[in-house]
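K.L.:
Chain A is fixed; fit chains B, C and D with the ligands onto it per the hints.
Spelled out, the chains give:
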Amino acid sequence: MTTSLAPDKPKVQAPVINDFSIEVATVNGSGSQTANNMLMRSIFQMGVPCSGKNLFPSNIAGLPTWFTIRANKDGYIARKAELDILVCMNPDTVFEDIQNLRSGAVCLYNEELPVNEDIRKDLTWYKIPFARIVKECCPDAKLRRLVTNMIYVGVLDFLLEIDLQETFKALKKNFARKPKAADVNIVAAQAGYDWAKANLVKRDPFRVQRMNKTQGKIIIDGTSAAALGAVFAGVTVLTWYPITPSSSLCEAMIDYLNEYRMDKATGKATFAVVQAEDELASIGMVLGASWAGARACTATAGPGISLMSEFIGLSYYAEIPAVIFDVQRTGPSTGLPTRTMQGDIRQCSGASHGDTKHPLLFPSDPSEAFDMAGQAFDLAERFQTTVFVMLDLDLGMNNWMSDAFNYPTKPLDRGKVLSVEDLKRLGKFERYRDVDGDGIPYRTLPGTDHPIASYFTRGSGHNEKALYSEKPHDYKNNMDRLARKFETFRAHVPGPVVEYEPGAEIGFIAFGTSHAATQESRDQLRNEKGVKTSYLRLRAYPFNQAVRDFISRHKHVYVIEQNRDGQMRDLLALEVGGECTKLRRVNHYTGVAIDARFITNTVLSQEGK
Amino acid sequence: MTTSLAPDKPKVQAPVINDFSIEVATVNGSGSQTANNMLMRSIFQMGVPCSGKNLFPSNIAGLPTWFTIRANKDGYIARKAELDILVCMNPDTVFEDIQNLRSGAVCLYNEELPVNEDIRKDLTWYKIPFARIVKECCPDAKLRRLVTNMIYVGVLDFLLEIDLQETFKALKKNFARKPKAADVNIVAAQAGYDWAKANLVKRDPFRVQRMNKTQGKIIIDGTSAAALGAVFAGVTVLTWYPITPSSSLCEAMIDYLNEYRMDKATGKATFAVVQAEDELASIGMVLGASWAGARACTATAGPGISLMSEFIGLSYYAEIPAVIFDVQRTGPSTGLPTRTMQGDIRQCSGASHGDTKHPLLFPSDPSEAFDMAGQAFDLAERFQTTVFVMLDLDLGMNNWMSDAFNYPTKPLDRGKVLSVEDLKRLGKFERYRDVDGDGIPYRTLPGTDHPIASYFTRGSGHNEKALYSEKPHDYKNNMDRLARKFETFRAHVPGPVVEYEPGAEIGFIAFGTSHAATQESRDQLRNEKGVKTSYLRLRAYPFNQAVRDFISRHKHVYVIEQNRDGQMRDLLALEVGGECTKLRRVNHYTGVAIDARFITNTVLSQEGK
Amino acid sequence: MAPEIATPQVPAEQRKQNRLGLILPDYQGSASTLCAGCGHDSITNQIIRAYFEMGIPPHMVAKMSGIGCSSKTPAYFVNKGHGFNAVHGRMPAIATGAVLGNKHLYTIGVSGDGDTASIGMGQFVHLLHRNVPMIYIMENNGVYGLTKGQFSATADLGSKSKWGKDNPAEPIDCCAMAVELGCAFVARSFSGDTKQMLAIFKAALAHKGTAFIDIVSPCITFNNHEGSTKSYKWAKDHEEQIHEIGFVPFFEQVEAEVKPGETREVQFQDGSRVRFKAVGKDYDPTNKEQALSELFKTQKERSFLTGILYLNPKQKDFCTELDTVDPPLATLPESLTRPPKEVLEEVMERLR
Amino acid sequence: MAPEIATPQVPAEQRKQNRLGLILPDYQGSASTLCAGCGHDSITNQIIRAYFEMGIPPHMVAKMSGIGCSSKTPAYFVNKGHGFNAVHGRMPAIATGAVLGNKHLYTIGVSGDGDTASIGMGQFVHLLHRNVPMIYIMENNGVYGLTKGQFSATADLGSKSKWGKDNPAEPIDCCAMAVELGCAFVARSFSGDTKQMLAIFKAALAHKGTAFIDIVSPCITFNNHEGSTKSYKWAKDHEEQIHEIGFVPFFEQVEAEVKPGETREVQFQDGSRVRFKAVGKDYDPTNKEQALSELFKTQKERSFLTGILYLNPKQKDFCTELDTVDPPLATLPESLTRPPKEVLEEVMERLR
Ligand SMILES: Cc1ncc(C[n+]2csc(CCOP(=O)(O)OP(=O)(O)O)c2C)c(N)n1
Ligand SMILES: Cc1ncc(C[n+]2csc(CCOP(=O)(O)OP(=O)(O)O)c2C)c(N)n1
Ligand code: SF4
Ligand code: SF4
Ligand SMILES: [Mg+2]
Ligand SMILES: [Mg+2]
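Protein chains in written order, with our numbering: chain A, 17 to 625; chain B, 17 to 625; chain C, 7 to 358; chain D, 7 to 358.
Looking at chain A on its own, in the form it has when it is part of the complex (with noise of 0.2 Å):
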């Protein structure tokens, strides 16, 4: 008996193509990631613009787990609060998840959970007998626990209408070393689809129609983005000590480099990566390296950065290249560490004790991930200081569906580094002197044959030929000439991307992953009340004149934000003095992502609207 024949339905509804959320509830550790994944790249592969959402708890295994995949035919692609669809998987969550259901979803259950179908009248249930579809296609025990996610997916291809073959294509192609892991899902997403064809009757409006709004895009998360763009930065130096959700993009830039930077001639590694033994390791070996002259990374979240901040510092004061990846999780070490947060801006920008200042990327999809990487590793050994690459958890560990990369056009920038040729020809080198007006020295690395190239490395005790000093007038005049080589960076780092709306009243500032959010809520607002908004999106810190610009232009500016202090927010007010007031806020701190109806609601309340 299937759940079609249950009373008291709700009507059917008007057909609702390509535009809903699905969220699967199950534990962690019960391999459903997989399948999850490959629900949402069949999606995806009909031309439907998705995303996918893992909310997960800071254990290994046996605790609840929340899949959410988003596809919606305009693009929409941040966290919807709201869910369509739900399939309950986890006996610990079931009431909680089915209660927190909007009235007219639909539920898919596994029939072994205790679900009274009563209790929500509103709701389309069908229930699932997982265990014996799985058991009749899974001859092999040891596999079904692992499998039996794939029989929801073929569920809901056939609920959905999503083309069966597009999840076979998506499995081979996630399976592409593993031909027999890749049948044994394909026969359990086809008993999936066979059951439900056969048992199921729809009566839900939920469809997945094929549109062409992927083409050439490519679904990645964030942190392999990252990797990704490093790689193809030339890094030569990674070290790392394991931290979510910065891991991952150690570890798949360990991946990357194995399989595309060993030396073809040699067949040794044209890089060097060290676990090491925790942060402050890991950031000193970065120092060395780039002072040595490598290109030197590390990644890691929140509390290595804290870890960090002397070093940091250091390298503010003696100019030397680093670059930081920070994925930043909601804080603090005993957190919530598998959740997001926008929460380390206040910390990285002037990290360290002492007046120390550090330029910030923020990417908001994989493909500026990507391009950022490169670009950091540029402007950290052009600036010789440290440059912070800001992602978050909700980029860093979600699936993103983004354009593909673009191959960089143009090469290194290795910065202002003297050889042995240069040394001839100036015949004078002062280490720390700002001989171009930019604020920024030369430096020479170790090992240059050159009786003037050496000179010795230290805080900020030192005149401008790197002699010891402690004189009052060499330190100002040092700090002064770091103060302006901040200033360069201004022009240098990635300016916003700015959407004037004509006769708009309201601006809105996000960065990051608030921009597919903020997005969508412009269209709510617009849609819906009518209100008008012109959008900056932040690329960076420091700031440019069209940051202030555009504040200029608003009556309020919203700056859109995932946490409680309005850390970006802060950094503007004091950039645009007077203006200050426009500034609203928008902080969104619960360690889920943003999504638009907050960011709407948020706003019409304050214009009192």
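In short, the hints are calculated from the structure, not lab data.
Keep in mind it's a predicted model, so treat the numbers as computed, not measured.
Idealized CB from N, CA, C, for every residue including glycine.
Treat the hints loosely; a few may be bogus.
Stated by the list, open to error - Distance ranges between label pairs, derived from CB positions:
hint, chain 1, residue 1, chain 2, residue 2, range
1, A, Pro488, B, Asp539, 21 to 27 Å
2, D, Thr269, A, Asp438, 31 to 37 Å
3, D, Leu163, B, Asp539, 43 to 49 Å
4, B, Phe111, A, Gly593, 44 to 50 Å
5, A, Asp496, B, Lys481, 52 to 58 Å
6, C, Lys283, B, Pro427, 57 to 63 Å
7, D, Gly233, B, Lys481, 55 to 61 Å
8, A, Pro488, D, Trp169, 42 to 48 Å
What the hints assert, rightly or not - Pairs of lysine-lysine residues, derived as DSSO-like cross-links and limited to a Cα-Cα distance of at most 27 Å, are as follows:
hint, chain 1, residue 1, chain 2, residue 2
9, A, Lys158, A, Lys189
10, A, Lys481, A, Lys432
11, D, Lys242, B, Lys158
12, A, Lys280, C, Lys242
13, C, Lys242, A, Lys158
Claimed, not checked - Quick look at which bits of chain A chain D covers, simulated, 3 or more residues with Cβ under 8 Å:
hint, stretch
14, 252-264
15, 308-319
P.N.:
Positioned in the frame of chain A, the structure of chains B, C and D with the ligands alone reads:
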């Protein structure tokens, strides 16, 4: 032959009473510190306000050091940039030292130095045969190096008409437990005096005359003052790792503890001190001890704060008391560690990743350092978070004239700790619930013998009952409460000291060691240019309404601080919104203490005067 | 080999009372959220049992940890004690602080091999150097469990990762380090060896000073495969018990008879005694050099020694060194911690 | 006993040329700003001499340090090398990074006992664990010189401070730790023993892997008084040379004769050889256990062993392990470090 017969002397000027600065240029490790302190004390004992500042290198012996004493009848005890009297003892800097003198200044020099008086005809010269004098007065050759310095004290006593008996008194006090050392020095001072009397003709205008402006005052350095404050605040655990300039604080505290905090009954310590292996350990021990219920503190400087960041964040989120004395110095770690700076404001106010905020107290003299040390413990225990006492090297390591300290009138505030009796009475305990509406929850101590006493401490991943939770609303609730708690601080940290000057359009905001120079500059502006200024001296962050009012009520407000970036200005700007345009910067950042003339000139140029 | 599962499996019907009249469930914690079969849960169970059998007042237990799967376990035992899950690698400092605040607490720290031997190495060494009275358990699985299975510094040379890669480095042997550094109680065990763990934990509770216990504790999810040298199978096959341990707490002295073969006995400061029965060769646990040479030998042979490797109960501990008043510093009254007014006046007088 | 003073006293008239045609002054640094008589300056002088005699190209020297008086010394030798005075206790990471960037550099790190054994302990252990090819000198005075004389973790039990207080703890013996951890070149010397230092430094330059050298180096200002166990007098009275060291660099093999009594010889990977002449007992520097037991013994006797305590020139070093291309990673051309366009397209294709 003495220099008094040299040709071309400057004319004898009108006497200058109780208003001059003396600099002794010497090398560190030469033992001049005692002599300089005795000289300062002699002036102090004559009732004349004075201060002493030691400018020393990051090195143990053999490098140039300058000790400056300022005596001023009006009580201006900030550094004065111009020198009146120079004592040259260091061959390495003698030319520069002399070169830097203003016209009309006085120069005493060791006859062994290669000085040609002709190079500066605008100075008053006194040549002194140190070696000869000391040889006569000090038979023990081994002691001569040390007591040489007392010779110039004796000479200056004669020249400046300082009562030699006051020097003797000071020496006896200083060497109370080493009468022989006192004697040797007394003899040397006397010898210097006698030689001067016999050989010098006074040709300079500077004189000390008795007055009564030091009655009830003491001379002490700020780190000793803070250490005493902690001892009288009942500190029970001190952990530390040596770092200039905070080592002095810890070493002073250890001495006081050993002297005054051994239990009479048992002869055992009522405190524990641990020299930790580094700053990560020292703050960790403080948190562990506070968690167990001790009154615990540590002291460090900027590099230590950087290293402590992660733990400081934990203290914020897990709500564990900690008192940190930050004796600020010029950064970074290999910077100018023996120079002063108000440079850790940004770092301390927000240390750690995530949304963290910490209160800061700013003592501006030893008496306030004493009081604030006590307040810091009360606040830390009441609010269950880290409280910083922000000293700097200038306050911490220099000798300051100060009001005598007042014995605390209020009992220790140990905060919201529930005893067994409380638990019995209440029957309920939820570690992170906001029972009182002030954002501050109750806690229990380990070892509390009651079935509901225990709870589990971790970062932000918990609900009000301290049970593990990753639920979005638990996280948000907790963060909102923490924000509320921080708001509560405004009413509990020491408020500013405000002096409204009728008719003043300009306001000054200063804090900590910028206070003395600020006061003096206000008088300069009033007396020299007729410019009136009001003055608000900040004593803590976060700010209260009085700060906002002050800024409101002035046209321009100069924020005077000793760092490059205007770190306090930025905190104020964020506080006052649109009125931030009124805030102007007076940023002194050379490693040496700020002086009034710098403020005056900076303000005048910004005012276009 | 199926390891026990923490807390839930402690039999509720076990109603035997200890010397405080408490029963085993009084020492339980919250339900474990570790992977089913994780070695750490077996350790938790023996910790519970040791506190119970030793009759430790649960409210006097302070449970400290860093970060990692292992560091989560303090939530799974002795719920009536206070627990503190601190930051990664810094449990020693937090625990030292707690001991400073209240020296009467029974302080136990649980850490992992990552937490201890990587990021925590500095604090680990200095904790031992201070001899802070506490139990320090390192739950050693050769990987970073919570961050998904990267090798730690205790992974053996050539041990295979879940993804088939060989570990390139020799392991850091924390027991050998501890012995070398003079730690006065150094033990190693295996999470599958419940009896031995229990005896060691009880002895550790009697010891005054740092009791360091390294326990091979397989990570079922990331390091329990063929080729791993920290798997259940490998550990079972390569464990070399150096002796059998009999522990006699001070409050049970009368009943205890010397069992046949128990030749060596060491007495703790509280009067409790530990007796060793030789297994194979004669091993003197009070001999530092023998401990090291046996450790080196088994390192070479790719096996691992278990038992109490080194023991010196006479060594001065940190609290004895600090010599504070008897009550905990945490609760000293103001009358003892704030000197009277006259003292301040005396100080002021000197500065006038 | 008057120690030498750094740089300035290197006799300028010494015009002897080394195998590169360079003279001793080519290896000098800036004038020392340490206290006159500081042990560290004597060490500096022998470092200079070792680089000179070994004919190391000065521009290939990378001089790394943490913070402390000792950590200042890289400014006082080989001015033509690049120097890096980093942050306190983290020299190992900085040095490891430099080696990663350019494995052809002759990397030397100078640290203090505070810099190494306190704040730097974690990095120190892991540097040894990795066997990063470099020389690591710990200038050991038992105190924090630069912060004015507090005891460090290497101070001996009962050693008196300048202010008359006894150090309450046993010392951490970094040599014993290094041996235990498997460091393949562990030596100890005394800043007053110039001949021995020179031989050790030269051998260290020939060694591939971490050469750890602990040198007792009295702090004349804060730890040279009666009662201190790191004073010149104490060190002179308590130094126990374990052997005399003869070093034969690979480029001087022909001239070198075996001196009478030189019984043991160990050969380095570059062909250089070190020969040991027994002093008193026969000591086998390739025996880890003997090294430890001798160290323990002298610890107990309150004396200190000097010489090359442990040596194993065959151990795999970190760079060999990493197996990178021959040129320094620092200067690899873009053609080697940026994969071609096709590779990116291949990756994209997989993700479409
Ligand atoms: C400063 C910091 N760095 C990194 C992490 C990430 N992290 C969490 S647990 C862990 C390793 C735990 O390994 P181990 O101590 O062996 O415990 P296990 O999980 O294996 O029991 C790491 C690296 C962190 N929480 N904090
Ligand atoms: C993070 C940090 N903490 C503390 C200090 C202060 N400090 C500078 S040198 C030093 C100790 C140096 O001792 P050691 O390494 O033994 O060198 P020595 O001066 O004795 O040669 C300390 C604690 C610092 N610079 N940075
Ligand atoms: S991941 Fe490994 S260590 Fe962590 S709980 Fe699971 S089995 Fe245990
Ligand atoms: S203080 Fe000690 S270690 Fe530092 S330079 Fe002087 S003698 Fe050397
Ligand atoms: Mg582990
Ligand atoms: Mg030292």
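K.L.:
Run every hint past the structure and note whether it holds.
P.N.:
Cross-check of the supplied hints:
Checked against the hint of 21 to 27 Å, the pair proline 488 (chain A) and aspartate 539 (chain B) passes, with Cβ atoms roughly 25 Å apart. For the hinted restraint 31 to 37 Å between threonine 269 (chain D) and aspartate 438 (chain A), the CB-CB distance of approximately 54 Å leaves it violated. Checked against the given bound of 43 to 49 Å, the beta carbons of leucine 163 (chain D) and aspartate 539 (chain B), roughly 58 Å apart, lie outside it. Taking the beta carbon of each, phenylalanine 111 (chain B) and glycine 593 (chain A) are about 47 Å apart, inside 44 to 50 Å as hinted.
Between aspartate 496 (chain A) and lysine 481 (chain B) the Cβ separation comes to about 54 Å, which falls inside the hinted range of 52 to 58 Å. Range check, lysine 283 (chain C) to proline 427 (chain B): about 59 Å between beta-carbon atoms, so the 57 to 63 Å window is met. The beta-carbon spacing between glycine 233 (chain D) and lysine 481 (chain B), approximately 57 Å, falls within the hinted interval of 55 to 61 Å. Between proline 488 (chain A) and tryptophan 169 (chain D) the CB atoms are about 34 Å apart, so this pair departs from the stated range of 42 to 48 Å.
Taking the CA atoms of lysine 158 (chain A) and lysine 189 (chain A), the gap is about 23 Å. The hint holds against a cut of 27 Å. Between lysine 481 (chain A) and lysine 432 (chain A), the direct Cα distance comes to roughly 16 Å. Compliance with the 27 Å bound is thereby established for this hinted pair. At roughly 24 Å between alpha-carbon atoms, lysine 242 (chain D) and lysine 158 (chain B) fall within 27 Å of each other, so this suggested pair holds. A distance of roughly 44 Å separates the Cα atoms of lysine 280 (chain A) and lysine 242 (chain C); the hinted pair therefore is violated under the 27 Å criterion.
At roughly 25 Å between alpha-carbon atoms, lysine 242 (chain C) and lysine 158 (chain A) fall within 27 Å of each other, so this suggested pair holds. For the stretch 252-264 of chain A, the stated coverage by chain D is satisfied: 3 residues place a CB nearer than 8 Å to a CB of that chain, which reaches the threshold of 3. With 5 residues having a Cβ less than 8 Å from any Cβ of chain D, the stretch 308-319 of chain A passes the three-residue criterion, so the hint holds.
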